[in-house]
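Take these sequences, add in the hints, and give me the full structure.
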Amino acid sequence: MGWYTPAPVAPDLSEALVCAWSARAEGRQLLVPDGCVDVLWIAGVGVRVCGPETSAWSFTLPRGSESFGIRFRPGAAPHVLRTSAAHIRDTRVALEDILGSAVERTLIDRLEHAADTTARLTILQDTGRQWLTGQRAPDPLAARITSALAARSWSVEQLADASSMTSRQLHRRCNEAFGYGPSTLRSILRLQRFMALARAGRHGGLATLAAESGFSDQAHLSRECRRIASLTPTALLASEAPDWHGEASVLDAGVRSVQDRTVTTNGESAA
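Numbering (our numbering), first residue to last: 51 to 321.
In short, the hints are calculated from the structure, not lab data. All residues carry an ideal CB built from backbone N, CA and C; glycine is no exception. Please note that a few of the clues may not be correct.
[Stated by the list, open to error] Per label pair, the in silico range of CB-to-CB distance:
1. 144 - 297: 29 to 35 Å
2. 187 - 269: 38 to 44 Å
3. 163 - 284: 40 to 46 Å
Take a look at the structure:
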């Protein structure tokens, strides 16, 4: 890749993290929503938490800027950061504003004195592991909803029914875990599914990929792609976005997969 390099995470972190990454950016860059939350260190700036995005956003950094981060899977960050995902939606905030200045200072000191990129990514993963250890368990519904929507495009009503909840209850739980409701998550993961299928070498053109990804037709794919990524499907596939997660994928929920109508809140099938 160019300015951005993903790296696999330690096996014991794969349920919570989709990847680690390093970047040497300059000029304007465009980021596409993927349902994730990033914790990143920008050299000379500090540690930032990038909340879940609902649409593509761009940023500009001076020449030679370096950054290193870990990317939490959809729904995995709120219990670690002890904040609702909705509170950090479409925002970038300092880590000290969430976990306190002492936590940020300690992490920055370790990162600044690290020898190289590998050491910095190890420090970030170790920090993520420490945050995960001893924290209350995440909402199990988050991974189940991610798995369900990664497999196919359920309707909100179907998800609510399979989860033994009302649509309003489901929306509230999703808002806490993902930063937005199930319909927005469905759109973002459907676009991720489109990129994953294209990356896997599925052939047949955009119309075929659109159908296999869960879009009603190619026009639906084009509308959603422009709305979420601000790019055409062809331009999106030509960008670096399909490779942002390396060998991993946000379509893997990080826990046991959910098949058909098995989205439950108590571990029992709702089929």
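These are the hints, each one checked on the structure:
The supplied range of 29 to 35 Å is met by residue 144 and residue 297, whose beta-carbon atoms lie about 31 Å from each other. For the pair residue 187 and residue 269, the beta carbons lie near 42 Å from each other, so the given range of 38 to 44 Å is met. Restraint check, residue 163 to residue 284: a C-beta distance of roughly 45 Å satisfies the suggested window 40 to 46 Å.
Of the hints listed earlier, there is not a single one the structure fails to meet.
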